[in-house]
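2 protein chains.
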Amino acid sequence: MPRWEAGARDRLQLAALDLFASAGYERATVAEIAAAAGLTERTFFRHFADKREVLFGDPGVFDAAFLDAVAAEPRADAASLVQAALAGGAGFFPDERRAWSARRQAVIDATLALQERELLKLSGLAASLATAFADRGVPQRTAVLAAEGCVAMFRTAFAEWIADGETRAFATIADEVVAGWRALLATG
Amino acid sequence: MPRWEAGARDRLQLAALDLFASAGYERATVAEIAAAAGLTERTFFRHFADKREVLFGDPGVFDAAFLDAVAAEPRADAASLVQAALAGGAGFFPDERRAWSARRQAVIDATLALQERELLKLSGLAASLATAFADRGVPQRTAVLAAEGCVAMFRTAFAEWIADGETRAFATIADEVVAGWRALLATG
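Top to bottom, those sequences are chains R and L. Letter by letter, the first sequence follows residues 1 to 188 of full-length UniProt numbering. Letter by letter, the second sequence follows residues 1 to 188 of full-length UniProt numbering.
Think of the hints as simulated: they come from the structure by calculation, not from any bench. As the structure is a prediction and not an experimental result, all values here were calculated from the model. There's no promise every hint is true.
Unchecked claim - Simulated pairs of lysine to aspartate or glutamate, DMTMM-like, Cα-Cα distance not exceeding 20 Å:
id : chain 1 : residue 1 : chain 2 : residue 2
1  : R       : K121      : R       : E41
2  : L       : K51       : L       : E26
3  : R       : K51       : R       : E41
4  : L       : K121      : L       : E32
5  : L       : K121      : R       : D58
6  : R       : K121      : L       : D50
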C-alpha cells in the first residue's frame, strides 16, 4: 500500500464535513470518516492527529499565506505589514473556496470543541505574525498589538466573506475592513 | 449541610491552582481539589461544571467589569468606548490580584485544554463587547472590530501586568497600550 494517496487529505476533510453536518461532530467517528472517503483509519491518522484536527488541515500552509506576504512587503512600518499580511491571507480564500468555507464554519460554530481548536489555531497565527513583525523591526509591544489586530481583521473579513449572498472577493472585503479599522482609531 | 460555604469558590480555585501547578492539570482530580479545599465534590460541582472551568470563575462577573463601563461612558464613539471598556476591565485587576493572576496564567499557558477554554472565554467577551458597542450606536462592523481590538489590547496589557518584576498598575499599562494602538494605526 502506498504511503500517500492522491487527494487523501481533501477527501478526508470533505467526508468529515459531511458527517459532522449530518450526524453531528460528537457522533461521527474517525472510522466512519475514513470509510466515507474510501480510505483506512491508518491513512486518516497519517494526515491528522485526531478527529478534532481534521477540519483544520496544515496550519503551516495557512499561516504561510500571511507570513510570506509580511516577509515580501518592502515597507517596514506596522500598518503596512498588517495590510500586507491580510492581502496575503486573502490569497488563501479564492472565490471557489467560499462555499466550502461557509459550510465548514457552520459546523465549527455549532461545535464547542471545534470553536476552541479554531481559536487556538488563530492564536498561533497571531503569535507567528507578532514574531514576523518584530523580525521586520517593529517594536515588541507594537508587533503584538498589530498581530492581534491583524487576526481580528481577518476574522471580521472572513465572517463577511462567507455571509449568505456575499459576492465580493475576500481581498476587497479585507481592504474595506482595514479602512474601517483605521477610521475607528482616528476618532475619539 | 448548607447550600453555600463561605469562600468556597475562592478556596476551590486556590486548591485547584496549587494542584495543577504541582501535579499537573491532567493528573489532578476534582476529588483531590475538593479535598484540598476542605470541601466535598458535590460542593465543587455546585460551583463549577467541570475541572476545566475551575480557574475561570464566573465569566459574567469578569465581563461585567468591561460592559458596565461601556454602558456608563458618556461619549459614544467607538474609540472612547474601547478606552472605557479597558479602564473598566482594569478594575478587575487590582495590584493584590497580580501574583495570583501570574500563577494562574502560567498554569493556563502550560495546558492546552485551559488555553483553549481561555480563548473561548475571551471570544465570548469580544462578542458581548461588540453587542454593547452596537447598542451604543456604533455601526455593526466597527463594533466587531472595536470589540476584537479591545480584547487584543486587554490581553497585551494583561501579559505586561503579570510579567516578572512589573510594578505599574493595570490601568496605567492599559492606557499605554491604547496609546500604542492608536500610534500603530496612525502610521503607514
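Do the hints match the structure? See the list:
1. R:K121 - R:E41: 24 Å, violated
2. L:K51 - L:E26: 10 Å, holds
3. R:K51 - R:E41: 11 Å, holds
4. L:K121 - L:E32: Measuring from Cα to Cα gives roughly 25 Å; hence the hint is violated.
5. L:K121 - R:D58: Since the Cα atoms of K121 (chain L) and D58 (chain R) sit roughly 25 Å apart, the hinted pair is violated (cutoff 20 Å).
6. R:K121 - L:D50: 24 Å, violated
Consistency with the previously given hints fails for numbers 1, 4, 5 and 6, ordered from lowest to highest.
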